[in-house]
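Could you build all of it, start to finish, from the sequences and the hints given here?
Line by line, the protein sequences give chains A and B.
Number 213 in numbering that gives the first Met the number 0 belongs to position 214 of the first sequence; there are no gaps in the numbering.
Number 135 in numbering that gives the first Met the number 0 belongs to position 136 of the second sequence; there are no gaps in the numbering.
In case anyone wonders, no lab produced these hints; they're calculated from the structure.
Remember, predicted model here, so these are calculated numbers, not experimental data.
Keep in mind that a hint or two might mislead.
Unchecked claim - Capping the alpha-carbon separation at 25 Å, the derived lysine to aspartate or glutamate pairs in DMTMM-like fashion look like this:
no., chain 1, residue 1, chain 2, residue 2
1, B, K131, B, E51
2, B, K131, A, D219
3, B, K131, A, D311
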Amino acid sequence: MAKPVSAGSLAKRSLQSHTWLGLVVSAVMFLICLSGTIAVLHKEFERWEQPNIPETTSYTIEQVERAYTSFTEQYNDDTHHYYFVFPGTGIPRLVMEDDHRAHFVDDQGTLIEQENVTWSRMLVDLHLYLHLPHSFGMILVSACGALLCALIVSGLMAHPRIIKDAFKFRYGGDGLKENIDLHNRLSVWGTPFDLMIAITGAYFGLAGVFVTLIAQAFYDGDTQAVYDRAFTPEPELVQEIAPPDIGTAMRDLQGRVNTEGNLLFFTVHEPHTPQQFLEFFVKTPERLIYSENYRYDSAGNYLGKAGYSDGDGGMQTLYSVFRIHFGDFIGMPVKILYIILGMMLTVVSATGMNIWLKKRQTRDALNLLWPAFVWGTPVALVASAVSYFAVALSPTLLFWVAMAVLAGVALRLNDEARIVPLYKQLLAVVIALFWLVYLVRFGTAAFSVAALQINLPLLAVAVWAMWSARRNKRKVMQVAALSAG
Amino acid sequence: MILESFLALVGSTVAAGGIYLSWRNSSAVYAWLGWLAAAGSVYCWYLVLGVEYGLTIGLCLPALTVWAAIAVEANPQRQSTARIKPAHQWRLAPRQIALQTGHILYVLPGQLFICALIMIAVVYQLPVSEPKQMAIGVLVMPVLWGLLAYWYGLSSRKWLHIAISSGAAVVAGLWLFGGAHG
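Encoded structure:
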């Protein structure tokens with residue numbers, strides 16, 4: 000008969016499993032967590048990237064119609080969709096776009112500057128794809144969501160003193176106990192949020208795998224048939240080809256639902272074809288579904304709603320994943336909550352590897368590369384913004400070049416105690432440089448709400464980095480004095 | 000709504016305090032009160048923000064509210080002398096490299112397909128609508144994958160784990176692609 004497995008043995012084996020899984024995904028998980036935390040503010044970053052665009056929360060139907068007409072007259076290349084974006088999305092600007100380009104719209108309905116959100120796109124792509132080819136990258140990132148579930152379960156199982164240590168926090172010393180307690184306290188109390196993020200994050204890449212397998216098993220490989228089961232299929236229409244009557248549709252919509260602050264955007268599907276139809280995406284208060292969608296034919300006649308607000312529970316659940324994962328509900332209070340909780344998860348990722356490195360009896364390049372990676376990532380992100388705004392260098396390229404350079408510098412320094420304070424100081428310096436570049440680039444627009452809501456917190460990060468670097472240096476000197484004594 | 004949200008936040012903080020006091024005093028009474036207060040605070044958030052927003056925020060907030068108590072318990076550690084560690088001796092071990100690569104390939108793409116097959120086959124047995132089957136499948140799958148990865152990591156008989164998981168995936172695959180379903 001097999002020996003009964005003792006709790007100690009299970010906890011020890013769980014820790015081994017947790018350690019192995021953590022080592023496999025540590026660097027990638029850190030990047031995903033940090034970029035995701037910052038990308039909670041992706042809409043604010045888009046505004047910050049073009050702070051000179053006039054902002055408004057009001058619009059008229061005539062303005063929208065004028066913008067649509069101007070856009071379709073100016074651009075006649077092939078597109079499957081036109082979109083008009085309203086301030087309800089959280090960005091107080093009007094945007095007219097197709098599959099290839101986007102123009103901001105002024106209060107007369109005239110097309111003005113083109114939307115150019117290259118740096119924001121780089122940040123979001125880092126989170127969604129790790130800058131890898133999209134299909135592969137998204138699956139890898141989603142796999143990390145599943146492995147985060149594994150880390151959560153194994154971490155809880157590896158923690159026999161979970162209740163005894165529930166509020167314990169030891170700080171200072173050689174940093175090992177501080178890292179252990181930070182890692183454990185943040186992860187245990189953050190379990191509901193972390194699980195929620197892991198499961199919803201995994202959805203985005205796994206959904207494609209699911210759809211492919213279901214299509215092969217039940218629908219002769221027809222993936223569209225699977226999407227039509229999960230989400231409301233497009234209406235089948237045969238109409239005369241004509242420009243869509245946006246005004247009639249919008250007036251009808253305003254009579255049906257409260258669009259004040261809730262209208263996100265509308266899409267013209269399959270324009271210039273007999274199948275053309277309009278779809279209005281309207282936010283639903285107190286609901287996590289992305290929107291309820293209202294459909295109109297080319298003449299502006301109401302066809303019906305998609306049913307995401309009161310249809311099948313499965314459909315409502317799938318349609319709610321986006322807002323839960325990205326904290327895109329209620330507005331800035333929830334974004335701030337998600338940023339704090341996201342940073343906690345990021346710290347969990349960083350401290351996990353710190354613990355492993357500190358517990359090791361030997362030392363090698365990893366002891367230098369890991370702190371360089373953790374503290375170099377924010378430096379590289381800010382540096383990519385500096386170079387992009389200054390000389391229009393590709394932010395993606397600059398980010399990875401900066402990461403490589405910072406890794407090289409760390410190896411050259413060959414002293415992990417110096418890396419953390421140095422890179423924190425570097426972060427402060429790069430942020431100061433960024434402020435200068437931004438001021439020169441945008442002039443008075445640098446003092447708009449769109450600019451300051453990012454740049455003031457960034458300045459606070461710089462101040463914190465300087466202060467923290469000083470503390471680190473003092474500690475290094477104390478340790479050196481103790482060792483000499 | 001701001002006042003109600005503030006009151007719900009106070010409720011969450013009081014609940015965290017109650018749980019902390021129960022921990023501090025090893026008191027079952029405080030524990031019950033604290034956890035009841037925590038449940039109550041989630042209910043308050045539901046009243047303020049509706050069931051979806053309220054539940055989400057109510058469940059996430061303890062991660063923040065407990066830090067006041069953790070700060071009270073913060074315990075400074077004595078500075079120690081710097082420890083000089085010897086250099087790590089890296090050895091080329093092709094067998095270990097192959098083994099670890101195999102583990103990673105099994106856990107990442109391998110378990111992805113195993114879990115996807117098992118999950119789809121299982122949820123399509125459930126007596127619910129197809130959108131519900133898909134939603135359950137795609138949202139439970141990362142949990143299943145996570146559990147399998149955890150089990151694989153702690154198992155000393157990994158061959159058994161692979162055999163059982165792969166066997167289940169083969170059965171699921173036969174049902175999905177072998178024409179057994181209607």
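Outcome of the hint check:
1. B:K131 <-> B:E51: holds, 18 Å
2. B:K131 <-> A:D219: Given pair B:K131, A:D219 holds - Cα atoms ~21 Å apart, limit 25 Å.
3. B:K131 <-> A:D311: Roughly 7 Å separates the two Cα atoms, so the pair holds.
Violation of the numbered hints given earlier is absent; every hint is satisfied by the structure.
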